[in-house]
Every structure is written in structure tokens, then in C-alpha cells.
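Colleague: Residues per chain are reported as follows:
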Amino acid sequence: MISVADLLTNDRIPANYYANEVYVRGDLEMGLLESRRGDRLLAIPETLIQAIYAGLTKETGQASRLVLFNCGRWWGKNFFNRFRDEVSDYYEMPLVDMSMAEFLQALKQCWMTYGLGKLDLDQSYHHRGFLVITTWNSAFIRQAPKSQLPAGFLEAGILSAVFSQLAGRELHCVQTSCESLGSDCNRFVIGLQKRLDSAEAMVEKQLDHESIMPRLCA
Amino acid sequence: MQPPFDAIFDEAEHRYLKPDELQEMRQYVFSLKDRVSTYQMIRDRELSLMQQVADQIQYTMPDAELAALERSLKNAMLSLRYCSMGMVLNDPSFVQNRLLGWLSDSMQIHNSSAIDRAVFRLIVQQLAQVLTSQQMELFQPFLNLAQAVLPAPVEEEMLTVAGMF
Numbered sequence: 001m002i003s004v005a006d007l008l009t010n011d012r013i014p015a016n017y018y019a020n021e022v023y024v025r026g027d028l029e030m031g032l033l034e035s036r037r038g039d040r041l042l043a044i045p046e047t048l049i050q051a052i053y054a055g056l057t058k059e060t061g062q063a064s065r066l067v068l069f070n071c072g073r074w075w076g077k078n079f080f081n082r083f084r085d086e087v088s089d090y091y092e093m094p095l096v097d098m099s100m101a102e103f104l105q106a107l108k109q110c111w112m113t114y115g116l117g118k119l120d121l122d123q124s125y126h127h128r129g130f131l132v133i134t135t136w137n138s139a140f141i142r143q144a145p146k147s148q149l150p151a152g153f154l155e156a157g158i159l160s161a162v163f164s165q166l167a168g169r170e171l172h173c174v175q176t177s178c179e180s181l182g183s184d185c186n187r188f189v190i191g192l193q194k195r196l197d198s199a200e201a202m203v204e205k206q207l208d209h210e211s212i213m214p215r216l217c218a
Numbered sequence: 001m002q003p004p005f006d007a008i009f010d011e012a013e014h015r016y017l018k019p020d021e022l023q024e025m026r027q028y029v030f031s032l033k034d035r036v037s038t039y040q041m042i043r044d045r046e047l048s049l050m051q052q053v054a055d056q057i058q059y060t061m062p063d064a065e066l067a068a069l070e071r072s073l074k075n076a077m078l079s080l081r082y083c084s085m086g087m088v089l090n091d092p093s094f095v096q097n098r099l100l101g102w103l104s105d106s107m108q109i110h111n112s113s114a115i116d117r118a119v120f121r122l123i124v125q126q127l128a129q130v131l132t133s134q135q136m137e138l139f140q141p142f143l144n145l146a147q148a149v150l151p152a153p154v155e156e157e158m159l160t161v162a163g164m165f
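Just so you know, the sequences run in chain order A and B. So for the first sequence, UniProt numbering puts the first residue at 1; every next one is plus one. So for the second sequence, UniProt numbering puts the first residue at 1; every next one is plus one.
Read the hints as simulated data drawn from the structure, not as lab findings. All C-beta atoms in this analysis are idealised placements derived from N, C-alpha and C, irrespective of residue type, glycine included. Take these hints with a grain of salt, some might be off.
[What the hints assert, rightly or not] A partial selection of chain A residues facing chain B, derived with a Cβ cut-off under 7 Å: (1) I2; (2) V4; (3) A5; (4) L7; (5) I13; (6) A15; (7) N16; (8) A19; (9) A101; (10) Q105.
[What the hints assert, rightly or not] Covered stretches of chain B (chain A as the covering partner; in silico rule of three or more C-beta atoms under 8 Å from a C-beta of chain A): (11) 38-52; (12) 64-70; (13) 92-99; (14) 103-117.
[As the list claims (entries may be wrong)] To list a few chain B residues with every Cβ distance to chain A over 12 Å, as calculated: (15) E13; (16) L17; (17) K18; (18) L22; (19) Q23; (20) M25; (21) Y28; (22) R35; (23) V88; (24) Q125; (25) A128; (26) Q140; (27) Q147; (28) A148.
All chains should be modelled from the sequences, with the hints used to inform the complete structure.
Modeller: Structure representation (C-alpha cells):
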């Protein structure tokens, strides 16, 4: 028999940790924005993002993509640590024991509350060892300099770091469709580096996501 | 349901409240006593009410997985808590913003709509026995919000990242 009292943990039922009205707080006297755990949050203006792109392009040219990807990896590693601590404390369960669905639900909410846009998972290729993450309304992609290639290098770095930490092995991430190129959403393919090398070449040749995935899985 | 007052408070520096806004506020304050007593009733009966729902759902759905029943009961308890608070504040957006997006995602992920629907039906039956019709009238609109997000059943398979790579 189910005892309802036993379903409660310390009289509470964990729900949406990242509900934005609860998550984003401020210490007005100190002039700080904080998360509900007291970690510092920052709101950054779009002009700063534009400035970073302009500075990088001027100083590093083509290499700026790699610089952004590596910044993303650094960010993603720390983002993941914070996310893991918050989620595992709140649900009183290690992140590795959570189902993919629950993990993703928390990540989606977190992504939105951080103002990074919307995020979802396309599981169609998971039997072939690839995860496809789709995102919408990325501020970094919207402000990126015009190019013939997908522009979400920062996010690709973040996602590769997040899923590498989660899977416990090194994973790479390649963006195969981009809002800046007129796609309905940004698609990021996550998998082992050696299996994604050919995807990178296909992106360079400007093939679209629907053409890349079957070839990648062939 | 009356609209929430947030917008009115946000305009404090612009103007004083208009007569119809004051009237709206008076109505809310007038209804607050009933809202709080309804809240208190639900709060005090939460465990016994939900235990009856749990007993009945196990009886009516004996083949359902225990974990699925427990998850649906937890989600229902969450809804009850959020809806009760929403009712005190008379603010549907409190329930919508903080709970419903997350809840409907959660229900879709676990494909539990048959159980969720049955649990909600039982909750409404139980509440009808505990609350007066006037109290039910205050609470029902918020419960309807939660019921409206119960998804249609979908087939989806469970996946773990660790198992993939």
C-alpha cells in the first residue's frame, strides 16, 4: 500500500527548481543578482556580446571560432558543476541516478531561466550514438557576425562540456543547422570526436542537417 | 477569476488607483477571509485526502506500476499545493508560471496521463466532500488550470546518457 506521508521528503515535494521567479534573486544592498543558492548571476547586454565578437574577429580572425568553442567548454564545465550541485541537492539524488528525461527537464528549465533561449532533445539518432540538441533564440547566435557557416561555437562548446561530464567520457559537438542561416532552430550533434569528424567536413561544405545525419550514421 | 494586482502595483509612481481598480481590490480583500479558510481546510486535510485518493487509485488501477502511481500522486499533491496558494493570491499566473509548464513536461515525459487523469478525478471527488460549495467555487478555477495541462498519452522510450556512449 502507498503511504502518502512517505512520499514527502521533509514535508516537501521537489518540483521546478529553476522557476524563474524563485531562482533569480537579488541582494540589492550589495548590488548583486543571485541564484536561489546565493551564486552570483550577471545580466549581460547584447552590445557586450557584439563587442566580444568584434574584438575576437579583429584580433584572431578565423581562429575566433575555436576561441569561442574553447570558452564555451570552459563555461560549460563550470555551468555543469553548478547545475549538478543545484539539481542533486534539490532532488536529494545524484545527477547520474536521474533519468535522462528528468535531467533534460531540469536543463531545459535552467536554460530558459538563464535567458539562453529554449532547448530540447531530439532522440532520433540515439541508437547510432548521437544526441541532437535543438535550441531556439540564442543571443550569441543572433549577435554573431554574418557567415556562411553555423555560428553557435560558444554553445557547441558548452554542450560538449556538459554532455562529456554527464557521460563521463570526452564528447564532441558539431552544429549542423543555425538560425543565422535561416533554419527553424539550431541543431547540435553530440557524439564521439572521431565519429563527428566527417560531420565537421560536411558542415564546411554547407550541407544541411537532414543531409548530414544519414551520412553520419551510414 | 479576477486578474492579479501586479500591474496595478507596478504603476505606483504614475498615478493613484481608479475607482474600478479600488473596487476590485476591495472585492479581493473581502474574499480573502474565505480564501484563507479554504486554504487552511485543504492544508489540514492534505494527507488524509491524498491518502484516500491513493487507496482508491490502487484499487481502481491494480495493474499500474507502483512507481508510476507514486509519481502521479506526488504531482497531484504538488498541484494541490500550488493551486491552494494561487487561490489565496487569486493569481492564476502563479500556478501557470511556477508549476504548469514544468508539470506538463513531467507528465509527458512519463506518459502517465491515464493515471494523472484518474487521480485528478478522485481529488475533485474528495474535495467536494471536504469543501463547501462556496469554497469549491473559489478553488475550482485553479484546479481547472492544472487539469487543463494533463496531456494525451504518448509512446516514448526512456533513455540514459550513461547507456548511450
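Colleague: Test coverage of the region 103-117 of chain B by chain A using CB-CB distances below 8 Å; three residues minimum.
Modeller: n = 5 at 8 Å, threshold three: holds.
Colleague: With a cut-off of 7 Å on the beta carbons, see whether A:A5 makes it to chain B.
Modeller: At about 6 Å, which falls below the 7 Å cut-off, the nearest Cβ of chain B leaves the hint on A:A5 intact, so it holds.
Colleague: With a C-beta cutoff of 8 Å, work out whether three or more residues of the region 64-70 of chain B approach chain A closely enough for the coverage to hold.
Modeller: holds (count 3)
Colleague: Since B:Q125 was said not to touch the interface, does its Cβ keep a gap of more than 12 Å from each Cβ of chain A?
Modeller: holds, 16 Å
Colleague: Verify that the Cβ of B:Y28 lies farther than 12 Å from every Cβ atom of chain A, and report whether the claim holds or is violated.
Modeller: holds, 20 Å
Colleague: For the hint on A:A101, just tell me whether its beta-carbon gets within less than 7 Å of chain B.
Modeller: At about 4 Å, which falls below the 7 Å cut-off, the nearest Cβ of chain B leaves the hint on A:A101 intact, so it holds.
Colleague: Given a cut of 7 Å on the nearest C-beta pair, is the interface hint for A:N16 held or broken against chain B?
Modeller: holds, 4 Å
Colleague: Checking a non-interface call: every C-beta of chain A should be farther than 12 Å from the C-beta of B:Q23. Is that right?
Modeller: holds, 28 Å
Colleague: With 7 Å as the cut and Cβ atoms as the points, is A:Q105 at the interface with chain B?
Modeller: holds, 5 Å
Colleague: May I ask you to check that B:M25 keeps its beta-carbon over 12 Å from the closest beta-carbon of chain A?
Modeller: Given a closest Cβ separation of 22 Å, the condition holds.
Colleague: With a cut-off of 7 Å on the beta carbons, see whether A:I13 makes it to chain B.
Modeller: holds, 5 Å
Colleague: Does B:V88 sit more than 12 Å from chain A, CB to CB?
Modeller: holds, 16 Å
Of the hints listed earlier, there is not a single one the structure fails to meet.
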